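Engineer: So the chains spell out like this:
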Amino acid sequence: MNTVAQPRRRGGGALRALVILVVVLVVIVVLAWLAAQLFPGGGGDASATAPAPTDEQIKQGEYLAHVADCAACHTAPGGKPFAGGLPIGSPIGTIYSSNITPDPVTGIGKYTYGQFERAVRRGINAAGHTLYPAMPYPSYAKVSDQDIQALYAYFMHGVAPVTQPNRADDIGWPLSMRWPLTYWRWLFAPKVTPIETTSTGDVALARGQYLVEGLGHCGACHTPRAATLQETALGTGDGTAYLSGGEGDNWIAPSLRGEPATGLGSMDEEELATLLKSGRSARSAIFGGMSDVVLHSTRYMSDQDLAAIAHFLKSLPPARQEAPLVYDMATRKALYEGKADSAGALLYINNCAACHRTDGHGYNAVFPALAGNPAVNGDNADSVIRLVLHGGTMPAGRDAPTQFTMPAFRGRLSDQQVAEVITFVRSSWGNRGGAVNAQQVARLRSLPPGGQPLMSGFDPRAGEPPR
Amino acid sequence: MIRMKPVDVVIVGFGWTGAIMGAELTEAGLNVLALERGNYRDTSPDFIYPRNADELAFGIRGDLFQPLARETITVRHGLNDTAVPYRQYGSFLFGNNVGGAGVHWNGQHYRPSPEDLELESHIAQRYGRKFMPEDMQIQDYGVTYDELEPFLEHFEYVCGTSGKAGNLNGSLQEGGNPFEGPRKREYPNPPVRSNYGAGLFADAARALGYKPFPQPSANASQVYTNPYGVRLGPCNLCGYCERFSCYMYSKASPQTTILPVLLRRPNFSLRTQSHVTRVNLDSTRKRATGVTYIDAQGQEVEQPADLVIVAAFQMHNVRLMLLSGIGAPYDPVTGKGVIGKNYAYQMMSSISVFYDRDVAINPFIGAGSGGNVIIDEFNSDHFDHGPHGFVGGGYILGGQTGGRPIQQLLLPPGTPAWGEKWKRAAKESYLHTTGVQTHGSVMAYRDRYLDLDPTYKDAFGLPLLRMTFDWHDNEYKMTKFLTDRAQEIANQMKPRQTSATVRQPGSHYDVRQYQTTHTTGGVIQGASPETSALNRYQQSWDVPNVFVTGASAFPQNIGYNPTGLIGGLTYWSAKAIRETYLKHPGPLVQA
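Residue numbers (this note's numbering), protein chains in the order written: chain A, -11 to 455; chain B, 57 to 647.
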């Protein structure tokens, strides 16, 4: 500390101290680098091989690739399946997903089973470098050997090879150095161990936990992260922080625990499974970052696995105490009688009520209910603000091809108006989300709307630039 | 010329019938390509609220319609007149872009009466051949109501149509249309709730002994999932249907009922901005080899196909057949030839019904079809035509389809067209006015037909289609009879005042006046290659691997809106292709 505090008084000594400091730092960094090279750790056996796969194994691997949502990152919009190239924003710069097709030069065609296993479960690529934790290896660490083998079989034999070189990440030096990640991995990535399920004998609960904590990597978004970016809990064993809600990319990933107002407390298992399968339920709809998860992952899951996931999630007790939301007839009655005594109420009638109705109940599996909807009751209204400003389109579900769309209101409503109408929604029909101000809206208005988000998935114009 | 990879089926035009054929034929495992001259359009981002309800853009300027500057038709009244181009939309509205007119229709979803499909035989049998004027040229469809019933029903279930059955398996149902043909099942959705004006009409009609019923409507009255698994939203009676798209996913259109499934099928593809200019034939001229189209860059492209479905708008179908040289062009002098034959339209009359301020009509609560009330006593052959001396008829409608400020503002007669008095009248009338309309058939006549214009050409230098059409006495009689009945009901509604618009004998067809937009005929179906272009399965008699769908197949026009019949005939034709034609490609009916 003194070396830093004293230079002002002793000019000549300051230079010397600085040189020493630099030398010390360099030595530490070199030693750290050496340590990371000499003791990369992580376990596994990179030279391990796998026997020739069976057709059944390849098919199972395909299913598991859906469960693990590999395509969400490794298939770019409009790109070839699993050829990578999707830009992923991170606090330090843009990372591009890699080509995981079996192309021997640009993909993972030369990976041994052991190298594949180390990449997926331990976050170490064939060159021995640690992967950015955008790859959810802390979750995949819980995936069984059998499933990793099936995934390997699928990626080696079920995926078409694509020659597409990986794109270099847009991260400036010194953060572009990979070796410090090894320390992140040492500190935060768990050991590869079979999942610890509570031995209740409830097979569905165990299966649900395995899927949610492992391949499903739900915690990547729904568990809060620390300042050092690791998830603060990786499973039920780590306490109630697990799946208690996260924030990322300006979306709010709500709690998947049992909070009655802001979590899944008001939803039953059946509705939860429907939401994952169809992208919508009677009263709710998927939007924001979760849309891609439904599109690439959950709609492919078997009914049994979806039921297991719902069963497990519904077993998680609330992380915080909340009173349930109770529907309040006052707003419904006032709007029905034509009484709109606030700017927000009037805006709601003019812009929202046609679809969401004056009673806030929406229309069954078409336009979601706002009354009692956890998405409008959270402390942070960012997701709702984004939805109002930039609109959203429901993902196509397994049995629900219609992609109902909420239009973007950014061209129609001012920041103040958006704040007023959302405040109205968050405090009507018994909702308790509370007020939103124009500054919060202004911040999110400047976000790029993200290409052309309001088209259905089959619209042939989807790849064209936004109009 | 660019030559594309051959496909099993090419569909010309991607509106209602193109989408139905696409769905049916991909389901049969065929590799199907649809060519659409316009652009891709979908509920989002194109039809979103509140832009969809811009009356100036869509109602007046016709943003959903085909630009007439590139291609229109020419119109004349008689054989010795010179036809001139239709330069501004009025009498009929050409759909454009994916979904075609199926995007901007009103959703009035009827079935024909059984006798409509066998009209010539029926009239001849009941009234004698002499009952028909000499130049009347009506024909049978070659398919009966009973044969068509399952397909009419299927289309209703695809659309999520709202209504009340009047005849279930022969048993009459209270509250439905007692004159309709028997249906096997109830409508998929209950009727849309009546608007207030329609309720006043229903009470008056009932008092006069009629049997009013809710207008069958392809505006879903509640959320609904159709047989393709596509879900529709509920109609909220916003009043923006005809000329407009639907932002509620409620009005049935290809986009809201079929495309979410069809466009995801790997054996289906769609090419937009592809304007088909002819169906190509081989040297025998008995077999089509595909089509030629002009792409967005103006290049000619040849698209080979084993089967060609001509599924464009009625008039475009006729023109494409003429430009391709399939079938003999119709000659109005000899009555021989089939392509262009039996063009027909419809004839409406309307009565504005004005109330004082104590009756709140609130016309902005309306829908293109849902919420209105109908009587069908005077349609088809539901009554004895003997004393009246005309063929055909129509339904009478009460209520309003919306309260749009520009095109749907009804003002008492004598109101000046602008200024302070106009403003006062608009203010006093708007909330307190409803309407009664008659919607009548038009028969086919020897001198009413379509051919290629000798003078005018489109943007590609190809001749425009020419319409030769004017009213005949039969229709003046029909509309007078129908309007008199409508006026009796309007009087019974106890308004302050009424004002009727009705075509008078001697007046000419006027393309500037909106009536029903329902144009029919020109590639008609029937029993014999001598008198029709298509057999009962909508297959060309001359080139059996060409099928022509849509209202161009109607031998004469019905008193109902045509879309229900169009959809039913398309599913009927698709079934014949799937179950018979594909096994033995060739004529489905021996000439």
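Certain hints may be false.
[Said to hold, decoys possible] The calculated lysine-lysine pairs, modelled on DSSO-like cross-linking and capped at a C-alpha distance of 30 Å, are:
#	chain 1	residue 1	chain 2	residue 2
1	A	K68	B	K61
2	B	K392	B	K186
3	B	K342	B	K536
4	A	K98	A	K47
5	B	K483	A	K327
6	B	K479	A	K327
7	A	K302	A	K98
[Claimed, not checked] Rough simulated footprint, nothing fancy, chain B against chain A, three-plus residues with beta-carbon under 8 Å:
#	region
8	352 to 358
9	443 to 449
It should be emphasised that the hints constitute simulated quantities derived from the structure, not laboratory data. Predicted model, so just to flag it, every value in this text is computed and none were measured. Built from N, CA and C at the ideal position, the CB exists for glycine as well.
Engineer: So, against the hints stated earlier in the document, which numbers end up violated here?
Structural biologist: 3, 7
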